[in-house]
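Enquirer: Chain by chain, the residues:
There are 2 protein chains.
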Amino acid sequence: MNRQRFVQLSIGGLAGVHSPTWPLAAWGSLTGPFRQELTVDAGRLARSMRMLATFGANDAGGIDRVAFSEANVEALDWIARLLSDAGFSTEIDLAGNLIARKAGTDSSLLPLMFGSHIDSVPGGGNYDGQVGSMSSVEVAATFAAAGIVTRHPLEIAIFSNEEGGKTGSRALAGEVEAFELDIETASGLTIGEGLKRLGGDPDRLGDARRERGSLAAFLELHIEQGAVLDADGFDIGIVEGIVGIMRWNVTVDGVTNHAGTTPMDRRSDAMVAAARFVDLVHRTAREAPGRQVATVGRLTAEPGVPNVIPGRVTLTLEIRDLSMDGIERLYEAIRERSESIAEESRTAFSFDRFYTSRAAPTDERIQARVASAAAGLGLSARAMPSGAGHDAQSIALLAPVGMIFVPSIGGISHAPEEHTAPGDVTNGANVLLHTLLAIDETGL
Amino acid sequence: MNRQRFVQLSIGGLAGVHSPTWPLAAWGSLTGPFRQELTVDAGRLARSMRMLATFGANDAGGIDRVAFSEANVEALDWIARLLSDAGFSTEIDLAGNLIARKAGTDSSLLPLMFGSHIDSVPGGGNYDGQVGSMSSVEVAATFAAAGIVTRHPLEIAIFSNEEGGKTGSRALAGEVEAFELDIETASGLTIGEGLKRLGGDPDRLGDARRERGSLAAFLELHIEQGAVLDADGFDIGIVEGIVGIMRWNVTVDGVTNHAGTTPMDRRSDAMVAAARFVDLVHRTAREAPGRQVATVGRLTAEPGVPNVIPGRVTLTLEIRDLSMDGIERLYEAIRERSESIAEESRTAFSFDRFYTSRAAPTDERIQARVASAAAGLGLSARAMPSGAGHDAQSIALLAPVGMIFVPSIGGISHAPEEHTAPGDVTNGANVLLHTLLAIDETGL
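Protein chains in written order, with numbering that gives the first Met the number 0: chain A, 0 to 443; chain B, 0 to 443.
Okay, chain A solo, but in the shape it has when bound (with noise of 0.2 Å):
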């Protein structure tokens, strides 16, 4: 394993973010070997990380900055300035998402847009969408300081409340339902009123919409929250795709009766066959060849208390894979095992699927860019599927998408324990900066 192998070649000298007084013309025209040896500032990016922990920090040592506070407002505020002293224009657009644009130096060709997501669920870690932002806006400040100016026109989106379901990206896509603006969010605020106060316009979302294939590829950094790098000892992950994702309602049906006064070989015990069924479930996802997983994660019995046998159990079933047909076949797999359980158990299932977010590949000629740019670092780096859902996988709908994921120490998301190395940061931040140069000198 070569963890941490990658050599960080400074710049040495450049000024911050905050004194964008660089002769960009003198660099602009630089190709080739300085190009090939060009870094992110890694002081800069770990500075730059610290200081947007502490819009929204709490006590706990993680963040609320949930979507639409005035913690997200302010950090927005804060990161359109660095964008800004790195030569990008922003502005709010009318999903309330941060957008920032740069020339390139071919105006016809189609912009390059890379970024992710600052707001955070509430008591949430310092990584999750921010190594993903702070890397982009370091690629930014990175290229400004090197005086380079890309073939084409780059655009970063911070898009809004991806946690509270990924309304910026989706808006983007033409994705959002009129509905979900009446939603409230942890802010206490509808997700309608939350675009308005980050200067959006909900009233006028449908015109956030991007035209199919008006980008020329969109790019997102994101901790793996897993533990698969990690684990393993790779740098970085090149994303396959984000997975699909379908979840059911299971009712297991039998009789509720006197926990004392049945005896063990007459009871249609509800719970008993849900049991098998977890089992099941758990086994047949494992046996199967893939990367699916499902997961029994909510479980209630009625009427559940210790001393009756349970008469009816409920339980969620959730089964991802990258393929919205492997997810169809491991779901009959397990309805069809769950009879011999009914069976044997005098219970009946059934399952009322609720939910379903389609699988989004991401497109291979991006993912060996990623590879070329990680083994161009020395980088150690394996392919993997996002079990989570990302921005990207809602700018799949419109442009050719690609994930770049670095490790997540113990896998843990989501909480103030949430880590990732300083120097993994950097290592996804130098991987993007190197995709994003790669594709901008030849395209996809």
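Fair warning: there could be bad hints in the mix.
To be verified - Computed from the model, here is a short list of chain A residues facing chain B with C-beta under 10 Å:
no., residue
1, I182
2, R290
3, A293
4, I308
5, Y354
6, S379
7, A382
8, A414
Treat the hints as calculated values from the structure; they're not laboratory data.
A virtual CB, placed ideally from N, CA and C, is assigned to each residue, including glycine.
Got chain A sorted already, so can you dock chain B onto it with the hints?
Expert: Leaving out everything else, chain B in the frame of chain A:
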């Protein structure tokens, strides 16, 4: 099977219980052939069952005659009048029990006590404690009508608050603890307030205690509250004892993780471990020899959402057996086997016992009397445990006890659909009557 084979031998021309003007003395000395053919008045018993069902009747066809309610008080008044009409003196004792007494012909003998309870759970049915209570009243009326005076003094007890903690019967055994008086019951009153309402005196509850050895025997007729007799076509259950109960809170600790980003083979899924445990409990209890039962009635996963692998599951384990050693053995087998579940699923189990109810074996001599009485009446009978708790369990601390079960259709209990056929109620009352007569005649 010979359900319903018993032919009611009616005593023609006897008046109802409201006209207790029979020449008791004239019949008092009859024994032998006449006594052997004596039976209760099935029609009168059915009428009094229907009348009792009017106290606290609800729209669902069941009753809300919870302990200490107005319906409870009124029904007790009505029963006291019936017992008075049958020649018994009645009082409410310090523990709110309706106690009816009638002298025997031999004042040196200890009283023979029988009875049950008339309080219900909220939304209860019309058979639970009613069958034993009204059958006891019917036995009293039958004795009165037949002019039978027993050798032993008779005591009929309608115990207070059976459903809310067997307060009345446990008070006779000196088992009620002070804190219980402050427990709020379904009536809205605390147990202490409720006892006062019935006419008891919670401040002097200690004086309600009976001496150990102060009763010749206690008999209780009850519905089986399961479906053993009903399913197998037996008329009468000869209760071998009231099972002991132990309950544990079981905690399964795994690791909370993202359901999308944590591969199947890297999970410490507390739900999967708990599910295997539930199956283990069921199989272990079922495969062991004996009539022990084990139940998981409640299970809660944390955090309990569809997209998070539960890091902690808490569940209840209940084991019942006629032998406390049997409970301990089954628990140890389950606990030991749970260790391999913990190992394979990378979780940890902990057990916290929070409830123990001692088993109460019935007197084998009384079991034999019940068997003889059933046989003499041409009824089929089988020995069986009582899986539920009963007032007889409390009285077992004072005296030899016996219990007689009659079938519950479909095993339904504590619900409006609870039902026992009128013929089975009559059978139970006749077995009660003849068991009492047999014990009265020759002692245990």
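Enquirer: If a hint holds in the structure, say so; if it does not, say that too.
Expert: Hint check:
Hint status for A:I182 relative to chain B: violated, with the closest Cβ pair at about 17 Å, above 10 Å. Interface hint at A:R290: satisfied, since its Cβ lies 7 Å from the closest Cβ of chain B, which is below the 10 Å cut-off. Given the 10 Å rule on beta carbons, the hint for A:A293 holds: about 8 Å separates it from the nearest Cβ of chain B. Satisfaction of the interface hint for A:I308 is found here, the shortest Cβ-Cβ separation to chain B being roughly 6 Å, below the 10 Å cut-off.
Annotation: A:Y354 was flagged as interfacial toward chain B, and the flag holds, the nearest CB pair being 8 Å apart, inside 10 Å. The beta carbon of A:S379 is not positioned within 10 Å of any beta carbon in chain B (closest approach about 18 Å), and the interface hint is therefore violated. Given the 10 Å rule on beta carbons, the hint for A:A382 is violated: about 14 Å separates it from the nearest Cβ of chain B. Interface restraint check: A:A414 against chain B, minimum CB-CB distance 9 Å, threshold 10 Å, status holds.
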